[in-house]
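**Student:** Residues per chain are reported as follows:
Number of protein chains: 2
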Amino acid sequence: MQLSQLKKNEIRVFAPASVANVGCGFDIFGFALHVPGDEVYLKITDNPGIKINAISGDDNRLPKDAKLNTAGVSLQAMMEFLQTDFGVEIEIHKKMPIGSGLGSSAASSVASVYALNEMLTEPLEKRQLLEFAIAGEKITSGDSIHLDNIAACLYGGFILVRSKQPVDIVRIPTPDGLHCVVLHPQIEIKTEASRKLLRKQITLEQAVIQWGNVAGTVTALFRSDFELLKRSLDDVVVVPDRAELIPKYYQIYEAAMSAGAIGCSISGSGPSVFALSPDETLARKIGQAMADVLDGLDIGSDLYISAINNDGPKVIQ
Amino acid sequence: MQLSQLKKNEIRVFAPASVANVGCGFDIFGFALHVPGDEVYLKITDNPGIKINAISGDDNRLPKDAKLNTAGVSLQAMMEFLQTDFGVEIEIHKKMPIGSGLGSSAASSVASVYALNEMLTEPLEKRQLLEFAIAGEKITSGDSIHLDNIAACLYGGFILVRSKQPVDIVRIPTPDGLHCVVLHPQIEIKTEASRKLLRKQITLEQAVIQWGNVAGTVTALFRSDFELLKRSLDDVVVVPDRAELIPKYYQIYEAAMSAGAIGCSISGSGPSVFALSPDETLARKIGQAMADVLDGLDIGSDLYISAINNDGPKVIQ
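Line by line, the protein sequences are chains A and B.
Each residue of the first sequence is one higher than the last, beginning at 1405 in my numbering.
Each residue of the second sequence is one higher than the last, beginning at 1405 in my numbering.
Derived from the structure by calculation, the hints contain no laboratory data.
Hints are not guaranteed to be accurate.
Copies of one chain are not kept apart here, so a pair can be met inside one copy or by any two copies together.
[Unchecked claim] DSSO-like mimics (lysine-lysine), calculated; alpha carbons at most 30 Å apart, straight line: (1) Lys1604 with Lys1568; (2) Lys1455 with Lys1652; (3) Lys1634 with Lys1604; (4) Lys1455 with Lys1499; (5) Lys1600 with Lys1634; (6) Lys1634 with Lys1568; (7) Lys1412 with Lys1600; (8) Lys1689 with Lys1600.
Same shape as in the complex, but just chain A:
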């Protein structure tokens, strides 16, 4: 692909944070938020290759070497596919916490490939972009790659990863008004460390409870049935082990539910905790109740309130 096949030579893109697992849907459910998210600025150059010019908001924790950076590796996969004879320079502006369980690396990867795609006169399909983002995720997750964050971030809305091999992503509708509260305690949990806590085996009895809840969750989303959603969201397989990594997890959970949340669980591998609310006003009340639990502890926290983001990434000015 040559420079002449591009319709612009610079672009700025936002890609959203996402909540993965979503209670009972370990490794299969995810949804995108409006806030927070990452911004990527991408500029075309004559020199082949990928140069990361700047990364902000990461406290110097992310590699600037494109070969070691998830966004760089994702772009590399895309440019190899396109057989580009040009290069790109990128700036990554992290506007969300890293290692927070909100799909931070997915947001950077998706923003980058979405940005380049928006410059093409004949853009690729999202299904193809997903493959490039997967290549980027592999450098942090290894073989235990999970697709819920990148799929939610890229497609927007509530997504089901029906299957990882072959990749099968399905959109599920969400009720009007549904809002998400995210409380991010400022401690870091590495995805890889968190996954090591997972049991390799579960009892058939637990599994049956879990897939009953998974089916209940999907039904509730189609029917906008908040009561059924409330009965269905809990995870019995992963959260009990992971909760110990999160300060006062069960108190945060109780605070959210007492304040009227539809459900509350760990976002991705944590430490962020999310809760669902039928509307924005109640979401603010739930968020306050959750944040209050951390008061008096020596832990900073971020609180985000967002409707479900049905659009995914977008070009910004």
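Could you slot chain B onto chain A? The hints should help.
**Tutor:** Coordinates of chain B only, in the frame set by chain A:
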């Protein structure tokens, strides 16, 4: 409750066979058929107690002692709840094979309690009838009680057993035209024996595949998306172990799929094998292809073709 609170003193009821598990939904999915099913004739008497006057179609295999018969025990639970001062005499006409994986005992139990309920001037809700039918199922299944057959038989349609404790039954819509083919090889597999084959533990990896498929199945049913249903129906947890009990299971499966089935799996704990079809014409072709596999074996078989039965039990003349 006294005789005067009844609006009639005899009734005849049909209750349908049902397909449980439905591929990936082990212990949580079930749906009702129009054929086959059981008929129960119930007559009120002045003498307290339950008397089973006749059972037909069972080759003398079912107990006539009401305390040992699932229909009798279900009725007993209902009559205790109602504190009846009258008795009932019943006839059970098995019009479906016993031990076939089609919810035979559930059909008799449901028919009996539904029959008595239809005689009440103030009938109980189905949710209450379910409890009585559960009491009946317990004498054959013990503590490993599963609700998918009785719930599907009683409510009709496609049901999700979201939870067994507490009981939470949810209806899921099915696409217009959806038909079911059932091939019943005339061998008997006892539910209890079949359940002993189940693993107590499964890998988390298998579990994730399974609940991805469960979520895919529910989504497909809401969307009438036969392609997604086809990708989602397979079970990876139970069928591989149980298939060995069914003669030529994998050949039957292949025959159904090659003939155009949306999916094919074991009904309940077998030996019946069901397949789904988008319409009745194709269902007949699929049924023939499945039945042909048993040709030349020394095993008789029954073939049933039915749309999903959205009504459940019904009063007949």
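**Student:** Any of the earlier hints contradicted here, and which numbers?
**Tutor:** Of the numbered hints, 2, 7, 8 do not hold.
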